[in-house]
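Peer 1: Sequence:
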Amino acid sequence: MAVHHIHQPIKSDNRTYSSTQRSLLIVLSITAVVMIAEIIGGILSNSLALLSDAGHMLTDILALGLTIVAMKFAQKPPTASKTFGFYRLEILAAFFNGILLLFISFYIFYEAYHRLVHPEEIKGLFMLVVAAIGLLANVVGIVILRKFALKNLNVKSAFFHMVGDTISSVGVIVGGLVILYTGWYIVDSLIGIFIGMLILRGAYSLVRESIDIFLEATPKDINVDKMLDDLHKIEGVKEIHHLHLWTITSGIY
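The opening position of the sequence shown corresponds to residue 3 in the numbering used here, with each subsequent residue numbered one higher.
If you're looking for bench data, these hints aren't it; they were derived computationally from the structure.
Ideal Cβ placement from N, Cα and C applies to all residues, glycine included.
It cannot be assumed that every hint is accurate.
Derived Cβ-Cβ restraints for the label pairs, each shown as a range [unchecked claim]:
| no. | residue 1 | residue 2 | range |
| --- | --- | --- | --- |
| 1 | Val-142 | Glu-237 | 51 to 59 angstroms |
| 2 | Lys-149 | Tyr-112 | 13 to 21 angstroms |
| 3 | Tyr-255 | Ile-32 | 32 to 40 angstroms |
| 4 | Val-176 | Leu-27 | 48 to 56 angstroms |
| 5 | Ile-135 | Thr-220 | 52 to 60 angstroms |
| 6 | Pro-121 | Leu-46 | 15 to 23 angstroms |
| 7 | Ile-32 | Val-176 | 35 to 43 angstroms |
| 8 | Ser-21 | Phe-86 | 55 to 63 angstroms |
| 9 | Leu-127 | Ile-32 | 22 to 30 angstroms |
| 10 | Ser-207 | Val-145 | 53 to 61 angstroms |
| 11 | Ser-21 | Glu-237 | 39 to 47 angstroms |
| 12 | Val-119 | Ala-82 | 58 to 66 angstroms |
| 13 | Arg-148 | Val-71 | 18 to 26 angstroms |
DSS-like cross-link-like pairs, simulated, lysine-lysine; straight-line CA separation at most 27 angstroms [what the hints assert, rightly or not]:
| no. | residue 1 | residue 2 |
| --- | --- | --- |
| 14 | Lys-74 | Lys-235 |
| 15 | Lys-240 | Lys-228 |
| 16 | Lys-149 | Lys-78 |
| 17 | Lys-125 | Lys-235 |
| 18 | Lys-84 | Lys-235 |
| 19 | Lys-235 | Lys-222 |
| 20 | Lys-74 | Lys-125 |
| 21 | Lys-74 | Lys-84 |
| 22 | Lys-240 | Lys-158 |
| 23 | Lys-240 | Lys-125 |
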């Protein structure tokens with residue numbers, strides 16, 4: 003007996019749904035502009051920490067983009083050839099984004115090692131100003147997404163990405179202050195390594211979860227034994243064979 007359980011994400015009315023998508027697009031646009039500013043600022047100030055923070059912002063952009071795509075395709079009906087709909091496109095995109103982020107984190111580690119061995123001068127004040135702008139953008143994003151994060155799991159994920167990036171921006175600001183007042187350029191590389199680890203952790207989780215879904219692994223939040231017990235309690239059910247549980251996409255089983 004195969005059991006296919008579908009758990010749909012909670013959806014509100016179309017007006018709220020459109021409002022959520024519009025808010026996500028606003029936050030994505032702000033984040034993209036600031037990321038470009040941090041890349042330029044990182045190059046001009048010679049700050050690896052600032053470039054790493056831009057890389058971490060890229061994870062926010064990918065998370066926001068995936069959330070928007072997921073919401074768009076969630077409204078698209080299945081076809082005769084795609085009976086499950088187009089939900090797996092979100093997972094496919096997540097997998098390739100995770101691979102990209104893995105390469106970004108490895109490059110950050112490589113560059114940090116190079117700079118630890120051969121320290122380079124950093125323009126602390128320039129680094130500090132650009133990082134402060136990045137922090138402000140993250141705070142704005144958190145404020146915008148906060149109310150929607152309570153109603154939608156995908157938005158909640160993007161919200162916590164923004165929180166993580168806020169922490170890394172604070173780290174860059176602290177690093178800028180240390181460099182500005184002490185001249186310890188090594189701090190820039192150490193902060194870069196810290197942010198690289200944050201990116202690596204998120205990328206690994208993204209790739210692992212995507213592979214689990216492609217392999218149709220049992221969803222983590224479903225207790226198979228409890229489900230079997232509940233099914234056995236249904237009147238008329240005598241025995242259950244070959245219970246299969248899998249994930250179609252985020253929140254749909």
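Peer 1: Taking the Cβ atom of Ser-207 and the Cβ atom of Val-145, is their distance within the range 53 to 61 angstroms?
Peer 2: violated, 26 angstroms
Peer 1: Indicate whether the distance between the beta carbons of Ser-21 and Glu-237 respects the range 39 to 47 angstroms.
Peer 2: With a Cβ separation near 44 angstroms, Ser-21 and Glu-237 satisfy 39 to 47 angstroms, so the hint holds.
Peer 1: Tell me if the beta carbons of Lys-149 and Tyr-112 are separated by a distance inside 13 to 21 angstroms.
Peer 2: violated, 40 angstroms
Peer 1: Would you mind confirming whether the straight-line C-alpha gap from Lys-84 to Lys-235 stays at or under 27 angstroms?
Peer 2: Measuring from Cα to Cα gives roughly 34 angstroms; hence the hint is violated.
Peer 1: Do Pro-121 and Leu-46 keep their Cβ atoms within the hinted range of 15 to 23 angstroms?
Peer 2: Given about 18 angstroms between the Cβ atoms, the range holds.
Peer 1: Go ahead and decide if the range 32 to 40 angstroms is satisfied by the Cβ distance of Tyr-255 to Ile-32.
Peer 2: holds, 34 angstroms
Peer 1: Within 35 to 43 angstroms or not, the Cβ separation of Ile-32 and Val-176?
Peer 2: violated, 23 angstroms
Peer 1: Quick one, are Lys-235 and Lys-222 close enough, alpha carbons at most 27 angstroms?
Peer 2: holds, 23 angstroms
Peer 1: Under the criterion that the straight-line Cα-Cα distance not exceed 27 angstroms, is the pair Lys-240, Lys-125 satisfied?
Peer 2: Roughly 73 angstroms between the alpha carbons, so the hint for Lys-240 and Lys-125 is violated.
Peer 1: Lys-125 and Lys-235 were given as a pair; does the straight-line alpha-carbon distance stay at or below 27 angstroms?
Peer 2: Roughly 68 angstroms between the alpha carbons, so the hint for Lys-125 and Lys-235 is violated.
Peer 1: Mind checking the alpha carbons of Lys-74 and Lys-235 for me, to see if they're no more than 27 angstroms apart?
Peer 2: violated, 38 angstroms
Peer 1: Does the Cβ distance between Val-119 and Ala-82 fall inside 58 to 66 angstroms?
Peer 2: holds, 60 angstroms
Violated hints, in rising order: 2, 4, 5, 7, 8, 10, 14, 17, 18, 20, 22 and 23; the structure is consistent with all others.
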